[in-house]
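Generate coordinates for the entire structure from the input sequences, incorporating the hints supplied.
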Amino acid sequence: MPYVAAGSGYDRGSYTAPRPIHPSLPRVITVREAARLHSFPDWFRFHPTKWHGFRQVGNALPPYLGQAVAAQVMRSLGARPVRPADGIPLGDAKLLASGMVDAASHFGADRASFPGNRLRARAEDEQRRAA
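Residue numbering for the sequence shown follows our numbering, starting at 1 and increasing by one per position.
I should point out that these hints are in silico values taken from the structure, not numbers from a laboratory. In this text, all values refer to a predicted model and were calculated from it rather than measured experimentally. Virtual Cβ for every residue (Gly too), placed ideally from N, Cα, C. Hints should not be assumed to be uniformly reliable.
As the list claims (entries may be wrong) - Using C-beta positions, here's what the derived DEER-type ranges look like: (1) Asp42 to Lys94: 21 to 31 Å; (2) Ser76 to Ala130: 52 to 62 Å; (3) His47 to Val73: 26 to 36 Å; (4) Arg128 to Val82: 50 to 60 Å; (5) Arg128 to Ala93: 39 to 49 Å; (6) Ser24 to Ala85: 42 to 52 Å; (7) Pro48 to Val69: 21 to 31 Å; (8) Gly99 to Arg32: 38 to 48 Å.
Put into structure tokens, the structure is as follows:
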């Protein structure tokens, strides 16, 4: 059965990138094809870059597997799933497109508590060591 492995950069132990090959065409599969192999619905959106999209698919629990496990847990507990009588309001859809600064401003988070840019911080550390 085909699978998609999530990769990491060379600085974290992976020296080769995973290249999931299409079974019948001379090309690498797309993020959407990988998502379909993992049972994600076509409406599900992934990061636009290939690397991050494949990483999201590879690191995720496939939806049908999650559904099967949850159904078995419910069965073992003797519980029955109940559909809510009313819809659940999702809130402002514009918040989904917020960047870090906009989201922090909206929710009143202190920007000083943000994690720094690891790559930039690493480069600065290397520059300090070299000096």
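How the hints compare with the structure:
The hinted range of 21 to 31 Å is satisfied by Asp42 and Lys94, whose Cβ atoms lie roughly 24 Å apart. A hinted range of 52 to 62 Å for the beta carbons of Ser76 and Ala130 is consistent with their spacing of about 58 Å. Judged by the Cβ atoms, the range 26 to 36 Å given for His47 and Val73 holds: they are separated by roughly 30 Å. A hinted range of 50 to 60 Å holds for the C-beta pair Arg128 and Val82, which are about 58 Å apart.
The hinted window of 39 to 49 Å between Arg128 and Ala93 holds, with their beta carbons roughly 43 Å apart. With their beta carbons about 48 Å apart, Ser24 and Ala85 fall inside the hinted range of 42 to 52 Å. For the pair Pro48 and Val69, the supplied restraint of 21 to 31 Å holds, since their beta-carbon distance comes to about 30 Å. Between Gly99 and Arg32 the beta carbons are some 25 Å apart, a value that contradicts the proposed interval 38 to 48 Å.
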